[in-house]
Amino acid sequence: MTHVSLQDLTKVYPGAASPALDRLSLEIASGDLVAILGPSGCGKTTAMKMVAGLLSPSAGNILFDGRSVLKDKPNERGSVMVFQNHLLFPYMTVAANVGFGLKMRGVDPVQIAQRVDRMLEQVRLPGLGGRKPSELSGGQQQRVALARALIVQPKVLLLDEPLSNLDAHLRLEMRDLIRTLQQEMSITTIFVTHDQEEAVILADKVALILDGEMRQYDKADMFYRRPADGAVARFFGGRNFIPGTSDGASFEGPFGSVKLPPDAMAGRGELTFRPENVVLGGCGPNQLACLVAQKTFLGTQTRLILNTGGTSIEMTGNPAQFDGVRVGDHITISLPPDTLWMLTA
Amino acid sequence: MSDRTKIILLLLPALSVIGLLFFGGLAIGLMRSFNYMPVIGLTEPNLAAYVAIFSDREFYLSFALTFHIAFTSTVISCVLAVGAALLLRRAFIGRVIINFLFQLNLTVPHLVGAIGILYLFSQSGSFARLAAEWELIARPAEFPALVYDPYAIGIILQYVWKEVPFIGVIILANMQTIGEDYESVARSLGASKWQSFRHVLLPLIAPGLSSASVIVFAFTFGAYEIPALLGANYPAALPVLAYRSYTDVDLASRPEAMAIAILIALLSAAMLCAYIRLSRRGMGR
Chain Y
1 MTHVSLQDLT KVYPGAASPA LDRLSLEIAS GDLVAILGPS GCGKTTAMKM
51 VAGLLSPSAG NILFDGRSVL KDKPNERGSV MVFQNHLLFP YMTVAANVGF
101 GLKMRGVDPV QIAQRVDRML EQVRLPGLGG RKPSELSGGQ QQRVALARAL
151 IVQPKVLLLD EPLSNLDAHL RLEMRDLIRT LQQEMSITTI FVTHDQEEAV
201 ILADKVALIL DGEMRQYDKA DMFYRRPADG AVARFFGGRN FIPGTSDGAS
251 FEGPFGSVKL PPDAMAGRGE LTFRPENVVL GGCGPNQLAC LVAQKTFLGT
301 QTRLILNTGG TSIEMTGNPA QFDGVRVGDH ITISLPPDTL WMLTA
Chain F
1 MSDRTKIILL LLPALSVIGL LFFGGLAIGL MRSFNYMPVI GLTEPNLAAY
51 VAIFSDREFY LSFALTFHIA FTSTVISCVL AVGAALLLRR AFIGRVIINF
101 LFQLNLTVPH LVGAIGILYL FSQSGSFARL AAEWELIARP AEFPALVYDP
151 YAIGIILQYV WKEVPFIGVI ILANMQTIGE DYESVARSLG ASKWQSFRHV
201 LLPLIAPGLS SASVIVFAFT FGAYEIPALL GANYPAALPV LAYRSYTDVD
251 LASRPEAMAI AILIALLSAA MLCAYIRLSR RGMGR
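Taken in sequence, the protein lines are chains Y and F. The first sequence begins at 1 in full-length UniProt numbering and counts up one residue at a time. The second sequence begins at 1 in full-length UniProt numbering and counts up one residue at a time.
Excised from the complex, chain Y in its bound form (with noise of 0.2 Å):
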């Protein structure tokens, strides 16, 4: 159980104009499991790298446990990290590959035999400790990278997109796995992902970094219903950003007035609300007539495009609650107001 603080962390390649990681702050409480998440090359991987000792940050602080950790050579951190790509040493066996943490630690072959057997059981892979790597599926090797990681007991588990090479049931399975092993072991663990449902799922807490820049750092729930600002909203799926003025208690815009949350900002801005959130019918405050411009069937759902007071609003659903819903049809919708949050302009 290892608390972590990441303090100001900023990496600068030599020779790039700007940081590939500016002033990354975080506090990761003992035993929790944060997603660090962010499209392809906002320097979430910079993070971890650095947690790991693997890259020299260009300023901040790594503490582990109040300590820094800056002059610890990789090998004596006790963090450890999960790559992307298993990177499984394709000339050991499954076992020896596992246990490879435990041998460079000079612990005796006969126990190291016997814990690797235990965490092969663990990672739901008995008795393929004599294979090679290549006699693997993905799933397989995966599990083998992780178990090659948790034998250890690290501080800290570092996973550097983990699910991202597996298939669809495959990254299921992973996924319970490692939120099983995690939370079973008590490791704190670092998690970074492009995908924001795997974030959501996995993590109690979320880093949402965009352009090398820390946007904001909560709760999953937290990024659907008060998000930072509109990039951040509009990374977790935000379709509706109506233009308008806030007065604090109520929003003045296109379509007329909407009653805002209590602890709505007040002043010009953007009101968003997500579509799975707008209410078909008119029952509740925030009533507004609209006309059904766009139906578009989505497999699981249903998406209406509607105009109201010369603006579009993004809604969906079950498809089922559509389906006398057409296309031309004039409809009433409701805006509840605990799930509208106003963004700064």
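Honestly, I wouldn't trust all of these hints.
[What the hints assert, rightly or not] Which stretches of chain Y does chain F cover? Using the computed rule of at least three CB atoms under 8 Å from a CB of chain F, they are:
#: 1; segment: 98-109
#: 2; segment: 148-154
#: 3; segment: 246-258
[What the hints assert, rightly or not] With a straight-line Cα cutoff of 25 Å, these simulated DSS-like cross-link-like pairs (lysine-lysine) come out:
#: 4; chain 1: Y; residue 1: Lys155; chain 2: F; residue 2: Lys193
#: 5; chain 1: Y; residue 1: Lys73; chain 2: Y; residue 2: Lys132
#: 6; chain 1: Y; residue 1: Lys155; chain 2: Y; residue 2: Lys71
#: 7; chain 1: Y; residue 1: Lys71; chain 2: F; residue 2: Lys193
#: 8; chain 1: Y; residue 1: Lys103; chain 2: Y; residue 2: Lys73
#: 9; chain 1: Y; residue 1: Lys295; chain 2: Y; residue 2: Lys219
#: 10; chain 1: Y; residue 1: Lys219; chain 2: Y; residue 2: Lys205
#: 11; chain 1: Y; residue 1: Lys73; chain 2: F; residue 2: Lys6
#: 12; chain 1: F; residue 1: Lys193; chain 2: Y; residue 2: Lys103
None of these hints come from the bench; they were simulated from the model. The beta carbon of each residue, even a glycine, is placed where N, CA and C say it ideally should be.
Once you've looked at the hints, dock chain F against the given chain Y.
Then chain F, alone, in the frame of chain Y:
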């Protein structure tokens, strides 16, 4: 016409040349080594040439010297080449120039290198004269015998000078393909720099290193010109011994020359097999 026939027909010219020159030459050499040379009246094949060389002490001394030259040159070249590749794969100012200089002597022929070694390291060479000039030794002749010496130091120096960049270029390309992520994994799992080199990088480059060193070993074991130019008269390296017998005024010595040549081929093949097996076992551990 089937694809297989087409391929065979297309390869036929090249295969004919190889067949005639290589296997033809080998067959003639083999026949002569069995004392079969009708032009000089030897028409009864026998093992006399082999018996003669196996009962000659000089053959064993020559074999030991040749093995020493090939093995020592290969090992030293491999160690230095891996070290150079480790340095050259890093990013540093002037790397392109250093890399160019490192590979420069790949273009220099072995013979030119041998003459360079003579000029620099012989007892009448530049270093001997400089040492005398700086009064490190009384006269150039006191300079240690590094050329024509019984330990073949001059020969080994020449081979190392020439083969380090050859192996280095192969290993460097190998390392660049592998990247540094495997070592990062090892470091992250608790391996020290040396452990990550020993247990991760070395096994990963082992196939390339084995291939390169096998080529160097085979070449240095069978090469004639450098031991002839820089080696001592006695014992001489096996190829020099074979050449001397072959060019002997007595044509009856030719079966012995051919027997030595055949043995060089067989011994180098056997040693290469053993070397590959050992290096794979050692590095893969």
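Going down the list of hints, with the structure as the test:
no.	hint	in the structure
1	98-109	holds (count 5)
2	148-154	holds (count 3)
3	246-258	violated (count 0)
4	Y/Lys155 <-> F/Lys193	21 Å, holds
5	Y/Lys73 <-> Y/Lys132	30 Å, violated
6	Y/Lys155 <-> Y/Lys71	17 Å, holds
7	Y/Lys71 <-> F/Lys193	15 Å, holds
8	Y/Lys103 <-> Y/Lys73	18 Å, holds
9	Y/Lys295 <-> Y/Lys219	33 Å, violated
10	Y/Lys219 <-> Y/Lys205	4 Å, holds
11	Y/Lys73 <-> F/Lys6	60 Å, violated
12	F/Lys193 <-> Y/Lys103	15 Å, holds
Violated hints, in rising order: 3, 5, 9 and 11; the structure is consistent with all others.
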